[in-house]
Amino acid sequence: MAPKGKKQKISKKVAKKFTIHRKYYSDTFDDYSALNPLKRGQTKENKLLELSKKQQERNVREKEQKEKEEIQDLQQEIGGDVDTLYEVGPSSYDLFVSSIADKYKLKLKQLEKEEKEEKRKNKRLIEEISNNDIDISEEEEEEEVQEEVEPEEEDEEEEVDQELIDNQDDEDIDQEEEEEEEEENSDEQDEQEEQDFNTDFRDVNDNDDIDEDDQEQQVRENITLDQLLKEKEFETTLNTGHYHIHFNRIVDSRNELDTLIEKSQSLETVSNEIEDIGIMTSIGCIDNQVSAPTKGTKKPQQPKEQTKSLLPVQKNTFHDYNIKKRLFKPWLKSKSKKENELYFTNLQKTLFPVFNEYRDCLYTEETMYNHKSIYKLYALHAVNHIFKSTDQLLEDNAAMNEAKTNGKPDPDLRHQGFTKPKVLIIVPYRNTALDVVKFILKLVPHEAKEHAELKTKFINEFTHRDVDQEINESKPDDYKYTFRDNIDDCFRLGLTFRKGGLKLYSSFYHSDIIIASPLGLRLAVGTEGDKQRDYDFLSSVEVVIMDQTDSILQQNWDHIQIIFDNLNKVPLQDHKTDFSRVRNTFLEGWGNYLRQTLIFSSILTPEINALFNRSCQNINGKIKIKSIKQGEISNIIPTLRQTFHRLPLDSSVTDTDLKFKFLIDTIIPRFNQTNETTGILLYIPNYYEYVKLRNYFRKEGKSYVLASEYTDPKAITRARAQFNEGTKTFMLYTERFHFYNRYRIRGIKHVIFFGLPQNTAFYSEILNNIADNEGSIISVYTNRDKLSLERIVGTSRSIKILESDKLTHLFC
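Residue numbers (full-length UniProt numbering): 1 to 812.
Bear in mind the hints are in silico, worked out from the structure with no lab data behind them. Do not take every clue at face value.
As the list claims (entries may be wrong) - Calculated lysine-lysine pairs in the PhoX-like style (CA-CA distance at most 25 Å, straight line):
| id | residue 1 | residue 2 |
| --- | --- | --- |
| 1 | Lys-66 | Lys-329 |
| 2 | Lys-372 | Lys-438 |
| 3 | Lys-442 | Lys-457 |
| 4 | Lys-63 | Lys-442 |
| 5 | Lys-714 | Lys-699 |
| 6 | Lys-333 | Lys-349 |
| 7 | Lys-438 | Lys-329 |
| 8 | Lys-349 | Lys-629 |
| 9 | Lys-63 | Lys-333 |
To be verified - If you anchor each label on the Cβ, the simulated ranges turn out as follows:
| id | residue 1 | residue 2 | range |
| --- | --- | --- | --- |
| 10 | Arg-58 | Lys-475 | 38 to 48 Å |
| 11 | Val-570 | Cys-490 | 23 to 33 Å |
| 12 | Pro-409 | Gln-110 | 29 to 39 Å |
Just so you know, these numbers come straight off a predicted model, no measurement behind them. Think of the CB as a built atom: it goes at the ideal place given N, C-alpha and C, for glycine as much as any other residue.
Taking the hints into account, I'd like the entire structure generated from these sequences.
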């Protein structure tokens with residue numbers, strides 16, 4: 001014992017051990033003090049057990065309190081007892097995760113059962129041999145049993161021998177193929193190509209699951225109305241809902257359709273500024289409640305006179321939005337906190353009324369921070385749309401069965417399209433497709449266990465990332481988010497909603513939702529003259545969703561144009577369609593006037609604007625949402641002289657030729673006069689303009705290096721070094737190259753923008769690479785670049801610049 005008045009000493013080992021325990025088990029100062037190793041009257045084990053017990057009791061109380069609050073929230077939302085809610089069971093995603101462990105447990109039990117069976121057979125054989133009453137037939141049976149219970153070593157030896165034989169056969173075959181390769185004619189090559197095409201497009205027109213789909217469809221078609229109403233999954237389609245009013249409206253002639261279109265175009269545009277969201281503009285949004293009547297509804301005698309386009313109406317509950325009840329619990333589980341009765345964020349609360357009213361929507365304020373909220377919301381809308389369509393079809397089948405049973409004529413029920421796919425989701429990379437499908441799996445109530453292997457295949461194919469594609473941590477955050485995980489841009493995937501759950505990798509003609517990249521879908525659609533051209537599966541698409549459109553712009557925009565040109569066309573083949581059930585609007589080829597299109601992007605460009613204005617013809621109208629820009633120019637760190645030259649457009653000259661002439665006649669001679677021979681970066685937004693400038697620099701023998709998306713990586717490294725050292729004067733630098741690499745180019749003294757960047761964040765990134773404040777920035781633009789100008793200098797400044805009579809403006 002230590003003398004009185006002196007501090008008791010303990011070993012370093014004991015002190016370290018007790019310090020770790022104190023930090024791990026103590027949540028309060030009192031608990032930390034109670035674990036003092038110098039305190040008497042209580043052993044270390046008892047102290048730890050007591051604190052552990054307190055912690056467990058505290059966790060139990062918190063869990064019970066959390067469950068109690070959740071039940072109260074549900075009761076407040078539903079207005080009754082929580083037990084009356086539809087029990088959806090575990091989500092598809094949870095079942096998928098647990099199915100892997102169940103699979104191995106089942107395999108282990110099967111192996112144990114086989115081992116016991118083998119022991120029983122061996123014991124029976126020994127008893128039969130000892131009794132000496134084995135006849136010829138029993139000897140034959142015994143030989144069969146012995147073959148079944150041979151040791152694994154003999155099987156392995158046979159496998160090795162067989163593998164050696166197969167390898168030898170493969171070598172012989174390879175030798176024969178090499179000898180016969182020169183003798184193959186062109187016909188055999190064509191047959192091989194045709195076989196490869198059939199393999200590549202198996203996901204489009206595969207017939208392997210036709211029997212299974214037809215069997216399930218037949219069972220669902222034979223259901224009666226009474227049986228249907230007893231099913232918890234079924235919810236009748238409301239005649240007052242936006243889905244029924246929009247898609248089931250009666251349009252018997254082209255004149256009626258033209259009347260609706262003229263009415264939509266005659267409405268006055270209405271705008272409204274929403275805090276933290278932006279300015280919402282309503283264009284041609286008609287009032288569905290007084291528009292053309294539908295089956296089972298009466299046309300109003302005196303419809304209201306509408307002169308202004310309607311803004312979407314926000315509602316408070318799932319029931320008000322006609323969202324299927326079976327989606328409520330999965331949606332609730334996906335949210336971490338309750339911001340309102342719908343568990344919507346502020347952005348989701350603004351966007352969902354637009355989705356639910358089946359208006360076209362162009363939202364150009366997407367960021368890496370709100371992207372999760374956006375794709376979760378449109379996934380909810382897509383699944384809800386499929387459930388509405390499925391319930392409508394089941395209700396029609398039941399009504400026809402009831403009429404047939406009562407000996408009445410079949411009712412005229414036209415509530416479906418030519419083919420099954422109703423929702424098309426276009427995303428640029430597999431990483432976004434993975435996020436969307438994983439969330440859809442969480443929304444689906446149940447999952448068929450026999451499809452677990454397909455989900456394993458999906459996870460493997462959509463999460464794999466090459467080691468060479470690892471992202472440098474010094475890259476900007478938006479770059480790391482865009483190019484996270486798997487960034488393959490050629491894929492397509494079909495999703496089928498069955499009664500037992502969701503099936504992945506279904507063929508397109510048996511899919512409810514198709515998720516694809518522009519390139520993957522373009523290869524399936526094809527163009528005139530392609531052997532495997534097929535666009536019939538797009539004939540009845542009712543909702544098109546295009547996400548991360550700013551990334552799609554950096555791929556090949558022609559793919560998007562071709563896809564939209566082939567949407568809602570009358571199919572070339574019948575595909576076993578019951579034409580008596582097809583909507584008249586589809587039969588007449590007017591499906592594009594009912595199709596809803598949702599486009600999400602971080603920027604607004606002339607290409608996106610043209611697509612939204614020309615290819616989105618929804619008679620329900622359009623909604624545009626954009627914010628007031630403060631200007632990317634405020635994010636530039638160096639004090640630089642920034643000059644903007646506006647070139648007036650001439651109908652006889654293209655804007656590219658106009659900028660090219662100004663460059664070679666005015667800008668380049670100015671640098672020659674000042675003897676600037678190093679550090680001039682020429683930023684080119686368009687690849688075709690890049691080719692034009694490259695050919696000019698090559699012809700004139702200028703000192704330059706190239707940096708484009710098609711330049712070899714080794715050549716890029718050499719070009720960056722030469723530009724930084726000053727051995728080359730110009731660097732021709734494309735926007736797509738910067739998008740895919742985001743390099744920090746060293747040695748920049750002057751920047752010439754041959755057209756303003758579409759992604760205006762690149763403007764500040766390039767200028768912030770300039771170390772010398774004496775550098776100059778020259779931007780050449782036309783009125784076609786006014787959207788980019790707004791994002792760079794700000795909304796208010798851009799209006800003044802474009803309205804000004806001066807063509808040159810300076811910012812310092």
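Cross-check of the supplied hints:
1. Note on Lys-66 and Lys-329: the hinted pairing holds, with a Cα-Cα distance of about 16 Å set against a maximum of 25 Å.
2. A C-alpha spacing of about 12 Å is found between Lys-372 and Lys-438, which places the hinted pair at or below 25 Å, so the restraint holds.
3. A hinted pair counts as satisfied when its Cα atoms are at most 25 Å apart, and Lys-442 with Lys-457 qualifies at roughly 18 Å.
4. About 23 Å separates the Cα atoms of Lys-63 and Lys-442, which keeps this hinted pair within 25 Å; it holds.
5. At roughly 24 Å between alpha-carbon atoms, Lys-714 and Lys-699 fall within 25 Å of each other, so this suggested pair holds.
6. Straight-line distance between C-alpha atoms of Lys-333 and Lys-349 comes to about 18 Å, which keeps the hinted pair within the 25 Å bound.
7. Under the criterion of a C-alpha separation no larger than 25 Å, the hint pairing Lys-438 with Lys-329 is consistent with the structure, at around 16 Å.
8. Among the hinted pairs, Lys-349 with Lys-629 is consistent with the structure: their alpha-carbon atoms are about 22 Å apart, no more than 25 Å.
9. The suggested pairing of Lys-63 with Lys-333 holds, with an alpha-carbon distance near 16 Å, which does not exceed 25 Å.
10. Between Arg-58 and Lys-475 the Cβ separation comes to about 43 Å, which falls inside the hinted range of 38 to 48 Å.
11. Our hint of 23 to 33 Å for Val-570 and Cys-490 holds, since their Cβ atoms are close to 29 Å apart.
12. For Pro-409 and Gln-110, the Cβ-Cβ distance of about 55 Å falls outside the hinted range of 29 to 39 Å, so the restraint is violated.
Figure legend: structure checked against the earlier numbered hints; the only hint not met is number 12.
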